[in-house]
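Chemist: Protein chains in written order, with the numbering used here: chain X, 174 to 891; chain P, 4 to 521.
Because the hints were derived from the structure by calculation, they are not lab data.
Any given hint could be a false lead.
[Stated by the list, open to error] Ranges of calculated distance between the beta carbons of each label pair, as one might list FRET restraints:
hint, chain 1, residue 1, chain 2, residue 2, range
1, X, Ser-627, P, Ile-379, 41 to 49 Å
2, X, Gly-623, P, Ser-473, 19 to 27 Å
3, X, Val-871, P, Arg-195, 38 to 46 Å
Quick caveat, the model's predicted, so the values are computed rather than measured.
Here a beta-carbon is modelled for each residue, glycine too, at the ideal position from N, C-alpha and C.
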Amino acid sequence: MAERSFAKEVEQLRIGAGEEFRGEGILAITKALLECGVAYVAGYQGAPISHLMDVLSDAQDILGELGVHFESSASEAAAAATLAASVHYPIRGAVTFKSTVGTNVASDALANLASGGVKGGALIVVGEDYGEGASIMQERSHAFAMKSQIWLLDPRPNLETITQSVRDGFELSEVSNTPVMLEVRIRACHVHGRFQARDNQRPKMALAEALENPQRDVNRIVLPPASYLHEKEKIEHRWPAAVKFIRERALNERFGPDGAHKVGIVMQGGMYNGVMRALQRLGLADIRGRTDVPLYVLNVTYPLIDDEFLDFARDKESVLVVEEGQPNHIEQAFGAMLHKAGIRTKLFGKDPFPIAGEYTGAVMLDGIRTFIRDNAPGLLSDRDRLPNEPEKPQVPDLSKAVPPRPPGFCTGCPERPIFAAMKLVENELGPHHVAADIGCHLFSILPPFGIGASTMGYGLGPASASAFNVPAEKRVISIMGDGGFWHNGLNSGITNAVFNKHDDVTIIVDNYYSAATGGQDIPSSRAKNRSRSTSHPITDAVKGVGTKWVRHIDRTYDVTKMRDTLKEALTTKEKGPKVIVASSECMLNRQRRERPLLAKAISDGVRSIKPRFGVDEDVCTGDHACMRLSGCPSLSVKVLDDPLRDDPVAAIDETCVGCGNCGEVADAAALCPSFYRADVIHNPNNWDRLVTRLRARVTGWLQERREGKRLNFGARAA
Amino acid sequence: MNKMTAPDETIIKLAVLAVGGQGGGVITDWIVQLAEKNGWYAQATSVPGVAQRTGATIYYIEMVPEAGGTPILSLMPTPGDVDIVLAAELMEAGRAIQRGFVSPDRTTLVTSTHRTLAVIEKVVPGSGIADSSPVLDAAREASKRFLGVDLNQLAAENGSVISASLFGALAGANVLPFAKESFEATIEAGGRGVAASLKAFGAAFDAVQQPEAQGTAVAEAAPDIAPGDGPAEAVAGPESETQAWRALTERVARDFPEDAQPMLLRGLEKVVDFQDVAYGEEYLARMEAAKAVDSDAGGAVRGHAFTIDAAKHLANAMAYDDVIRVADLKTRSARMRRVEKEMGVTPDQVMRVTEFMHPRIEEVCGTLPAGLGGAILKRQRLVDALNRVVNKGRHVRTDTIRWFLLLYLMAGMRRFRRRTLRHRTESAHWEEWLRLAEETVRKDYALGVEVLRCHRLIKGYSDTHARGMSKYDRVLSALPLLAGRDDAADWLRRLIEMALKDEKGEMLDGALKTIETL
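Given only the sequences and the hints, what does the whole structure look like? Please build it.
Modeler: Here it is, written out as structure tokens:
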């Protein structure tokens, strides 16, 4: 079960023609897929398209009614390979993943798919994780489209255009026998907007029908000599068919004045709103789409349509290409087109725009203003034409005053004690080379833990430590999440280590979900899932591929056990890979599941226990050793109203979920006795009350006895 | 050239800055619904993903009056082009200013003034809490209108969360063209925790309209002690003890300079609370000696800084954290009441309390008579053997009679405390420290005061305590090198600061190297 439920929102997927859809971009894409008669959807979660998978998962009833098959694929490669169903059959299918990382993983299947071509429409929805909020290396998906000759759609970021692109994408795919990639950026995925819905369509051909009447066409299989023919076919047939379709259906759009003009701007569709905002601020456009500058908007960024571009550029003195990211493939292609056609229009792009980095509002305004100022100054107001005017209002320098706030482990996260234990081992055995992986556990790299030296890809933690399996005084440690483990880590990490006789240590963080992507279920998830087979233990898989030294810690909060197990793994004489599986449920998901149940139980009068930690501020000496082994959002410091104390003391706020880490760490590290856990029993039974009363009578008597003999200063000195 | 575009229509641009987990998404949804219900077209975007895991996050909304069709709005805020900034935490307001989203000609900045500390502020061994005042100053300066209220507290007081009070503050700021009732109706339509949300909403709505909403700084460091801040008003106890206590306070008033009296009284209170009135007498006796040295060294013209710092740090040194102290603090009736209050235990609920203790043989021996404890600690094999029994984490249920009684009896060992090994070690240490400070203050007043302040470095338990001691020794190792320099006190002060910056004292070692080259 995922972190966010779309159970309410997916009801909108049922609406039909004449109704208006309102909601998030990815939900709109899902709706458009259903309107296109898609027969199957597959994918792998990851921001910014995680919610697309969650929406589909929550929409299984609707998908079932329409006869749509949905797969939560094991990886992006598995998802992309699913599109093979559209090779021989006129069946529409779509897959989705995060890009470029997902596209990297999927590229084997995508290249094969693109070579043989497709009969049914094949759409690849990629969430372009680029710019602010991205969690991966900053690259473009564009090159993937180019190298395999997959058509790339980059629609204007509004729901009308995005959903239209889904429809166009399927048709384009079918007329040109080529898979089509639909690129949506982070904010477009999450933009709240509207579009006019259409009726959902059942698939024209059911998957079962294909299965029962199998077809094969040897010419569509990537095997010589067909593979040689495929390359020619791409150029001679599929490309021209695509160009014809794109031009006839006017997938690319032109706005603003026609005819000769000093300047014109060409842009990726996804850049349109940003360009329009810059023009609005320069007084050259309004929010209804009117513009004084001719615009050519590429809702299809690959292939480019030479004639269209040349038509646009021919009667302009200068043309600006707004193309985010690098290399600037589009600008380079346009330059070549102009050169070959002998057209003298000046071409601008990565100058005035910066070569690297996101086209934020400020970058967009600066770039477009500079371009127009240099090439059509008459368009600008005096203020925007004045070169020496201070660009930005004076902003007070707060760089030293505002502390950075990177993401970190949530309150009660079961991964925190794993790294606290690693820290304790580090104190004893010295620092080790730690190969990190992709997942929430990567936050270990940041303060307070500072553990982890590299991250080479999802599930590739142990593989990235392979070279270090040489005789040495220390063993290499690698970390892998359960998500990465099932994605490919079982093979690339564990099997690889067994086969190559590694003498290393791998910690597999098992939090019952693919947690970093939003808590989707995976094979080792423990929750009941009516459409997936779960509860397959990681330890069984690890042993199944031949690992001998396997330890399972079924409660990560046991810091002492975690520490001792890791120490054993690092020091044992036994050779071969040592695998520690550390399991506890992701607290975010656990709370989401348990909190409403607890609240209901309490209000129903059922006896319930609510744990929370606290700190005795008079016992705490303010050394903050506990913070350096935690970083929990609910464990903070507070300044005491006591002139004798210089340093703030530890304090736990009401957001504490009572996970136990504070107490366990204080235990394992022999920190200080200031932590306590208070279990408040709601709706106590008679026995609880009786015991409490009895105890209170005895302890109260003892306290009274002692406090009657000494001075008591009340709360201040205590 | 013939322009065909109309000037900018009314677009309201609103950014929400929050810490992941604060519910920025909830308030964003509310604002969108509010706008749509009032006949506006609203577009909202966010950048969720891992950034939301406790990190800084931003949501952005643009809205225009409905005019058919899809208006072309921006998906991200641009510096200098935002009308309203809502910040769910003070430093996030600072981040908004830093990113240029707050402009003096147009931006209304509404922020909660509470602090959610970032990890790097918490892990510092000393005080790493960032100063709020530059951000508050910048907030007033950089915005057209600034409204700051502790919205977190208002939410907590009303049993709700900050999204509700932030929404109330937005309504109260009166910057959106929508009626208060419409805001409230939006919350009601959400259907979850409506009553509490509405209360928090209302409280924040009113609070931002008060003149104080211009923002007040939150407490930063330990507050200065005000002269005349006397002993605790409520001193309860047997008549003989309270009489003896009064005698002590009278002695403070009679024998000590006025500027040092408040700190002395606080110190006195601490040591008497730690042990007994006789211990307080010892404290005052030792302080009288220190005061005499202070007077000789010219303390009168320096506000008796030496006496004040000695009063503070000697009290802390004398009230060291031994097993007896911990057991005593954990078994007091006031403590149980405080925990119940903190946990919000109502009369129809009961509470169980588990303490996390990890005694080591060092702590146990510390509580034994000095000769015996010392003898054991000298025998390593015996120590190892005993450690196997003693040295383990213990989860102690102080609400049960068995464990309570055990701690109670341990606390009762107070009367033997002066004979324990720990007391001998501690008292020898503070004597040595005071002697050094007194010797120094005679030659260099400011330096002597800094020697006293070195005691701040000794804190924590077990390894942390050992590290503190090591830092203390390392800082004081510079004393011979510094003695005689004009800037000696400055250097020592800087060394203390450095020692409190990181756990192992790496910055301190760097600073010490610099001193060697002086």
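Chemist: Are Gly-623 (chain X) and Ser-473 (chain P) spaced within 19 to 27 Å by their CB atoms?
Modeler: Holds - the Cβ-Cβ distance for Gly-623 (chain X) and Ser-473 (chain P), about 21 Å, lies within 19 to 27 Å.
Chemist: At the C-beta level, are Ser-627 (chain X) and Ile-379 (chain P) separated by a distance inside 41 to 49 Å?
Modeler: holds, 48 Å
Chemist: Quick one: are Val-871 (chain X) and Arg-195 (chain P) within 38 to 46 Å, going by C-beta?
Modeler: holds, 44 Å
Every hint from the earlier list agrees with this structure, and none is contradicted.
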